[in-house]
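Visitor: Top line first, the protein sequences correspond to chains A and B. Position one of the first sequence corresponds to residue 1 (my numbering), numbered consecutively onward. Position one of the second sequence corresponds to residue 1 (my numbering), numbered consecutively onward.
None of these hints come from the bench; they were simulated from the model. Take the hints with a grain of salt, since some may be wrong.
Examples of chain A residues lying across from chain B (beta carbon under 7 angstroms, computed) [what the hints assert, rightly or not]: (1) Phe-33; (2) Gly-35; (3) Leu-36; (4) Val-114; (5) Ser-139; (6) Ala-145; (7) Val-163; (8) Ile-179.
Backbone N, C-alpha and C define an ideal beta-carbon position, used for all residues, glycine too.
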Amino acid sequence: MFWRIFRYRLISNIRDVGTLFWTLVFPLCLATFFGLVFPNITSSTITFETVNIGVYEAVDYPGDPYLIENLKAAKQSENVDLFHVTQYESIDEAEDALQNKEISGYAVITDQAVLHFSGSGFNQTIIKSFFDQYTQVRSAIVDIASENPGAISEVASLFEEEVEYTKSTFAGRDKPDSILIYFYSLIAMTCLYGGFQGQKEIMHIQANQSSLAARQNISPVPKLKLFGSSILSVTLVQYLSILILIAYLVFVLRINIGDRIGMILAAAFAGCCLGISFGALVGAVVKGGEGIKVAIIISFSMILSLMSGMMQASIKIAVEKAVPAFKYALPGNLIANTFYAIYYFNDNERFYFGMALMIGISIVLYAILTLILRRQRYASI
Amino acid sequence: MQVFKVIIKTIRKNFHVLSIYLIVFVGFMVLMSSVQSSGGSSMFSEVKRTVMIINHDSGNVIADEFADFMKRASIPIDPVETEEEMLDALFNEEADYILIIPEGFSADFLSGSYSNALEQQSIAGSRSAVWTDMKIRKYMDLLRLYTKLSDVDVNDSEAIRALTEKVEKQMNTETVVIYPVGVKKQGNEFTAMYFKFMGYSLMAVTILGIGFILKIFNGRDFRNRLRCSPEKTSNVNIQLVIGSLCFAAVAWLVLILIAITFSYFEGIKPWIWLTVVNSFVFMLSTLCMSVVLGLVVKGENARSAVANVVALGSSFLGGIFVPQEFQSEIVRKIAGFLPAFWFVKAIDEIQGLSSFTWNNIRPIMMYMLIQLIFGVAFICVAMAVSRERSRRTV
């Protein structure tokens, strides 16, 4: 009987297009919007790209042979140049290129360098930093020469010497990428939307909530068996929805959420159970029509998604900074932070803590549900 | 005025749903606008990055002076203690760069071995890493130059301090920058951000509200009842248009009044009235789009779903949530088919206006005209759908 009910509930859940829209199609739509817009933010605001710069050397100026050479030789890394240098024959040409946004700025070199920009930004800052450094080193050499003329012969050899002043000690498992906060919160929202499924299943086993439940309650099937088979079917459907979303993120949108597949699957399952148990509890505790229950679930899900950074990553950061306990106390943040731990930390402590909390809360919610639902009798329906 | 009264009745009946949407959206918009807004500047200003400086070699002149220099050159962030907190700070972009001065760094630097290097944590290849590395190199190169070429006793802290002071003096030498007068670095003012987010709210509420109205008027029984009434079809249609327009205009007015209130506190700028006109044009085009959706989409759940997907989709692609400058070329091309894209483009253009000459205003007028053309196109589609429906049997 258990598997028969399970089978029919499964078919019914798969055919429930209305609920599936919110638990599957809507997250996929949001993921598409995120995927179209957010990865580009990373490349245009975070990743360094070679800066286009123009140079005009005045004809009557004998020129510093090292300046343009240094400008061209400057490197961001072994394979990436700091600047792409274009030399112009006249200032007008350089100004035209600046106005057409072909270059971020240009330098007019006479006895000193004068920079021309049309706006303030990162590229202009990098250009200015380079020229500042050049001017400062020149000024320092003059200063040293005035005090210790003999030392000047050593300058060239000093500049030939390559000194690495810094070394990276980054200990994260993968590259930091705050854009992932949006995708984690989307997964969290999908898990919490499982609440719709949980609420619906409770409605189908409480005789005063639906005619199907009334019919099922007079059948000789124990309530626990009815409850168990319903929840199992709905968990399977919801878990599949979350897996489809994750697969869409990874394989279609090419979002890197980590390579530890087993842990991702486990976290998705725990999040799914948390969402369903929350919805089921709302379905059992709240007295009133389906509309009120759905309104409560949707309001909570949206508030929790907002707190976990779905609309703005900085909201999650601000919330967790104000009340550090919210990292784990808010279900949306708890789910999102568990996925974050999988991606970012070599140490699995945070992941296990998140998993234990999600599973623990789900068990407590199901236990309360069982206590509420058992031996319910209806004098009048 | 029977038809108009039905529209008012429908809106009143669903007022609680629409007002929840409106209140939640306004709260959401205020939150988003305040988080994203930032001031502008009319001077060239260096883009600074957030750097967390942890000095394990404090008490030594070189380490202390260098740490002070980095604090002045960047936006310093309070140091944290654990490795985990450092990783969190990097991921959440609270710190763009974490710089750790190891114990014994000063002595190692003065000895000239440079084996005890500064430790850093950052996103490899990021703009922040490039910027901060440049700052560090700048300071260290000069300090190395002075320590190598000056006869300084490495144990004489006063002499070393004199060297760091010289470095500091050189660091104040700056290249001359010519920055055109009148150019204003575009900041995201609160009111401008609010106007953008208002587009989302306006779309969601209008699609839902018009959906409620059209649900009644497209009902089979109601339509048949109307057909056999003595009211002329043209009269019915005019009342329907006026009723829908009134509803959309009231929703727009509520949002505008909130915007004006905020801008009053921020200081009303002359460009705000042009933004109000732009939002009115957007309201008209959204109203026309809502009519098409209201005619095509049936069912309570489907309407809510479509309202969310269309409003969110247009907002993401159109540049309401994410600035258009960050969008890829392909996304921008796709978004060009959405009125929201031109609505945002007009706001950006209005915000960057330096003077109200016809040449400056012309592109804004073009963007508004494009929104109106979208509206006309939607009305044509709505008329075609409606005509097709009217041919069906009773």
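Visitor: Look at each hint and say if it fits the structure.
Guide: Status of the hints after comparison with the structure:
1. Phe-33: Where the cut-off is 7 angstroms and the nearest Cβ of chain B is about 4 angstroms from A/Phe-33, the hint holds.
2. Gly-35: violated, 10 angstroms
3. Leu-36: holds, 5 angstroms
4. Val-114: holds, 5 angstroms
5. Ser-139: holds, 5 angstroms
6. Ala-145: Hint violated; A/Ala-145 Cβ to chain B Cβ min 9 angstroms, cut 7 angstroms.
7. Val-163: holds, 5 angstroms
8. Ile-179: With a closest approach of 10 angstroms, the A/Ile-179 hint is violated.
Hint compliance for this structure: hints 2, 6 and 8 are not met, and every other hint is.
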